[in-house]
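Below are the chains, spelled out letter by letter.
Number of protein chains: 2
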Amino acid sequence: MMENVTVMREQAMQWIKEASAYIHDSFQSALTIDTKSNASDLVTNIDQEVEKLFINRIRVAYPEHAIVGEEGFGDEIERTDGYVWVIDPIDGTMNFIHQQRNFAISLALYIDGKGVFGIVYDVAANDMYYAISGEGAYMNGTKIARVEEGYLEQAVVSVNATWLTENRRLDHEKIAQLVRRARGTRSYGCAALEMMYVVTGKLDAYMTPRLAPWDFAAGAIMANEVGVIATTLKGEPLSILHKSGLLIARRGVHEDMLTNYIVCKE
Amino acid sequence: MMENVTVMREQAMQWIKEASAYIHDSFQSALTIDTKSNASDLVTNIDQEVEKLFINRIRVAYPEHAIVGEEGFGDEIERTDGYVWVIDPIDGTMNFIHQQRNFAISLALYIDGKGVFGIVYDVAANDMYYAISGEGAYMNGTKIARVEEGYLEQAVVSVNATWLTENRRLDHEKIAQLVRRARGTRSYGCAALEMMYVVTGKLDAYMTPRLAPWDFAAGAIMANEVGVIATTLKGEPLSILHKSGLLIARRGVHEDMLTNYIVCKE
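Respectively, the protein sequence lines represent chains A and B.
The numbering of the first sequence is my numbering, which starts it at 80 and goes up by one.
The numbering of the second sequence is my numbering, which starts it at 80 and goes up by one.
Bear in mind the hints are in silico, worked out from the structure with no lab data behind them.
Since we're looking at a predicted model, the values are computed, not measured.
Mixed in with the good hints, there may be bad ones.
[Stated by the list, open to error] Calculated from the model, a selection of chain B residues having no Cβ within reach of chain A, i.e. all distances over 10 Å:
1) Val86
2) Glu128
3) Arg259
4) Lys313
[What the hints assert, rightly or not] The calculated lysine-lysine pairs, modelled on DSBU-like cross-linking and capped at a C-alpha distance of 30 Å, are:
5) Lys344(B) x Lys96(A)
6) Lys253(A) x Lys344(B)
7) Lys193(A) x Lys253(A)
8) Lys344(A) x Lys313(A)
[What the hints assert, rightly or not] Cβ-to-Cβ under 7 Å is the rule here; a few derived chain A residues that face chain B:
9) Gln233
10) Val235
11) Asn246
12) Ala255
13) Val258
14) Arg262
15) Gly263
16) Thr264
17) Arg265
18) Lys281
19) Asn303
20) Gly306
A virtual CB, placed ideally from N, CA and C, is assigned to each residue, including glycine.
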């Protein structure tokens, strides 16, 4: 069983390298940009073609596995039984379009609802992060150190400015209090990478009220391997069946934010 | 005269490479971290030693020139006459400490108050940006294209979450309106780099109410070479004699933000 997982993780990395080459080629040609749920929810032809690439590779290698992907070319699942691949072909599409950097491929394998391995690849920076459950997390081949407990006063917290404006998901006045108490705030616009920054200690926390399983499926496995806590904004476990908010943070900071600053309206 | 400037710009780049090697070495040893004006205003021994390195090199090569630096080892100037070097040894010290990336060296030469050349070096990414006034701006040796006019609805704006909380410098309610109208917002915590992202089209605007000349001296020269507008938050020209706010944006976005969203309290 564990040998199998290592082989599958190496295969998945090969597919990611293939997808990355395709994305780099796309920088030379014009993108087709559409919007999804709203004017800021962007999708390009590259997002869609990269998802199809992954689905084709997985279907050939593992025809009996389920696949959940952002662009909807995979399966709709209602149960977590068996092998489920969870894919975001390009997380941070706005950055992909505007910056050609700060976006990532996120890919995870779950078996019976439990994370087996997760990979996040920062395409422009060529930073490869991965973890196999129980075997630790790695960045570019180097084992990532366990993340220690911390305190909000010394924390750099990633939170988008949107959540400091009046909105239907969070009490924005409490987020303003959080911002005043933290050492500093940042926002990068790519959930998978912001999770990796917490996992590698570059950020102390990242929170956002609306994500889908493909955004956090790989990151949650990484977090678990280094002692970082990743939950919904209500402190519940994340599920690959449901969209939810995300709070990922080092111990101490996670508890403080959850208890004192995050008040969900829904 | 112009030959001289090219020689000086090449010399300055050599000093930057030397400083960069010193900073990379520092990643292996413990930092001495102090605070300056408040608990979030950090400085390390490396900031100070890198500034001294630049000052030593400039004093030997150009003993008659004035030097203005963040850490205060240079001169205090009250007039802009003659040759003035403006240096930030590490812009983004909090990122330097927490992330070992997303910080920059910023160095500029002004003659009689006019920008002659500016260099911004992203140490961790090894991205070198420079401009000589009237000769264009370059990133890693490639000429940066002129930045076209744009619209706020399609703009990615960098603004720190702090300015969406009640503060003594800006009407934060207006900034909330700005955030809702822009396509997206980001925050990177390094003014010199955020200016470079606007100059290279990765961001459409960056605003902040409190900077010093060493933060923007090089970036302002870069901006001017690609048609990006850089002013104070009141729309006035930037000066190397004064601390001020900064609004740097592509045409159209700059005017819209200045007219409709930025209301200074002081």
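Each hint tested on the structure:
Separation of Val86(B) from chain A is adequate, the least Cβ-Cβ distance of about 33 Å exceeding the 10 Å criterion. No beta-carbon of chain A comes within 10 Å of the beta-carbon of Glu128(B); the shortest separation is about 23 Å. For Arg259(B), the requirement that its beta carbon stay farther than 10 Å from each beta carbon of chain A is not met, with the minimum near 6 Å. At roughly 22 Å, the least C-beta separation between Lys313(B) and chain A is larger than 10 Å, which holds for a residue marked as non-interface.
Of the supplied pair hints, the one linking Lys344(B) and Lys96(A) is violated, its CA atoms being roughly 51 Å apart against a limit of 30 Å. A C-alpha spacing of about 24 Å is found between Lys253(A) and Lys344(B), which places the hinted pair at or below 30 Å, so the restraint holds. With a C-alpha separation of about 33 Å, the suggested pairing of Lys193(A) with Lys253(A) is violated against the 30 Å cut-off. The straight-line distance between the Cα atoms of Lys344(A) and Lys313(A) is roughly 11 Å, inside the 30 Å bound, and the hint therefore holds.
Hint status for Gln233(A): violated, given a least beta-carbon distance of 9 Å to chain B, over 7 Å. For the restraint placing Val235(A) at the interface with chain B, the shortest Cβ-Cβ distance is roughly 5 Å, inside the 7 Å limit, so the hint holds. Because the smallest distance between the Cβ of Asn246(A) and any Cβ of chain B comes to about 9 Å, over 7 Å, the interface hint for this residue is violated. Hint on Ala255(A) holds. Least Cβ distance to chain B is approximately 4 Å, under the 7 Å limit.
Checking Val258(A) against chain B: minimum C-beta separation of about 5 Å stays under 7 Å; hint holds. A distance limit of 7 Å between C-beta atoms decides the matter here; for Arg262(A) the minimum to chain B is near 5 Å, and the interface restraint holds. Taking 7 Å as the C-beta contact cut-off toward chain B, the hint placing Gly263(A) at the interface holds, the least distance being around 5 Å. The beta carbon of Thr264(A) is positioned within 7 Å of a beta carbon in chain B (closest approach about 4 Å), and the interface hint is therefore held.
The closest approach between the C-beta of Arg265(A) and any C-beta of chain B is roughly 5 Å, which is under the 7 Å cut-off, so the hint is satisfied. Using the Cβ-Cβ criterion of 7 Å, the hint placing Lys281(A) at the interface with chain B is satisfied: the shortest such distance is roughly 4 Å. About 22 Å separates the beta-carbon of Asn303(A) from the nearest beta-carbon of chain B, more than 7 Å, and the hint is not met. The interface hint given for Gly306(A) is broken, as the beta carbon of that residue sits about 18 Å from the closest beta carbon of chain B, more than 7 Å.
Violated hints for the displayed structure, listed by number in ascending order: 3, 5, 7, 9, 11, 19 and 20.
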